[in-house]
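**Student:** For the record, the sequence lines run as chains A and B. The numbering used here numbers the first residue of the first sequence as 20 and each following residue consecutively. The numbering used here numbers the first residue of the second sequence as 106 and each following residue consecutively.
Calculated directly from the structure, the hints in this document are not laboratory data. Where a beta carbon is used, it is the ideal one built from N, C-alpha and C, also for glycine. A hint or two may mislead.
As the list claims (entries may be wrong) - Which stretches of chain B does chain A cover? Using the computed rule of at least three CB atoms under 8 Å from a CB of chain A, they are:
hint: 1; stretch: 140-152
hint: 2; stretch: 166-180
hint: 3; stretch: 201-211
As the list claims (entries may be wrong) - Using 30 Å as the maximum straight-line C-alpha spacing, the simulated DSBU-like pairs for lysine-lysine come out as follows:
hint: 4; chain 1: B; residue 1: Lys-208; chain 2: B; residue 2: Lys-179
hint: 5; chain 1: B; residue 1: Lys-198; chain 2: A; residue 2: Lys-63
hint: 6; chain 1: B; residue 1: Lys-208; chain 2: A; residue 2: Lys-63
hint: 7; chain 1: B; residue 1: Lys-147; chain 2: A; residue 2: Lys-94
hint: 8; chain 1: B; residue 1: Lys-198; chain 2: A; residue 2: Lys-83
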Amino acid sequence: EVQLQESGPGLVKPSQSLSLTCSVTGYSITSNYWGWIRKFPGNKMEWMGYISYSGSTSYNPSLKSRISITRDTSKNQFFLQLNSVTTEDTATYYCARGAANFDYWGQGVMVTVSS
Amino acid sequence: DIQMTQSPASLSASLGETVTIQCRASEDIYSGLAWYQQKPGKSPQLLIYGASSLQDGVPSRFSGSGSGTQYSLKISSMQTEDEGVYFCQQGLKYPNTFGAGTKLELK
Chain A
20 EVQLQESGPG LVKPSQSLSL TCSVTGYSIT SNYWGWIRKF PGNKMEWMGY ISYSGSTSYN
80 PSLKSRISIT RDTSKNQFFL QLNSVTTEDT ATYYCARGAA NFDYWGQGVM VTVSS
Chain B
106 DIQMTQSPAS LSASLGETVT IQCRASEDIY SGLAWYQQKP GKSPQLLIYG ASSLQDGVPS
166 RFSGSGSGTQ YSLKISSMQT EDEGVYFCQQ GLKYPNTFGA GTKLELK
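Extracted from the complex, chain A is given alone in its bound form:
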């Protein structure tokens, strides 16, 4: 069974970087696409970007200057880094499998940006 699990700090200070890990079991990240999606308070959902089976990436232009998605294939993990966060980056962050739609999701991690 494919399972995804996010991990990372739940509190980040403004101007710092947000770093999250998605650990995948039951499926190799060298196949398919692996992305990050966030849900803001009030239900708005935003696709942030993906890393592909080959290691190529695609990012939401709204985040392009601040986001980086990388991976460690030996650990079957991929990572999100979001730089220069503000309070507007407070959200629940999900990792998910897919490119055009998302069939497996992690349970989500709530990240609050606050001093």
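Since chain A is already given, all that's left is putting chain B on it; use the hints.
**Tutor:** Chain B only, in chain A's frame:
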């Protein structure tokens, strides 16, 4: 970016009632549409992809239809476990974009 407009924002339905949720795209998305259900404290679950294909394991009372810019999700007989928030999402063009969600409650 393609804008996704969902309606209604919320609705309540009785057990056994048919429920329909609408989603309109700001341009033709050629059936590149998915529907998700999210329950409180849980991650979204994919229900429908390609506008009308039922994801494995999803009850057959869920169905999707539409083309061009207009799409809908139908629940043929409302059940208690169908309460939650439903999102549409277009995957035709990057960035993928989501509707604002429809909260479905049991009446």
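**Student:** Find the hints from earlier in the document that the structure breaks and name them by number, from lowest to highest.
**Tutor:** Going through the list in order, the structure violates hint 2 alone and respects the others.
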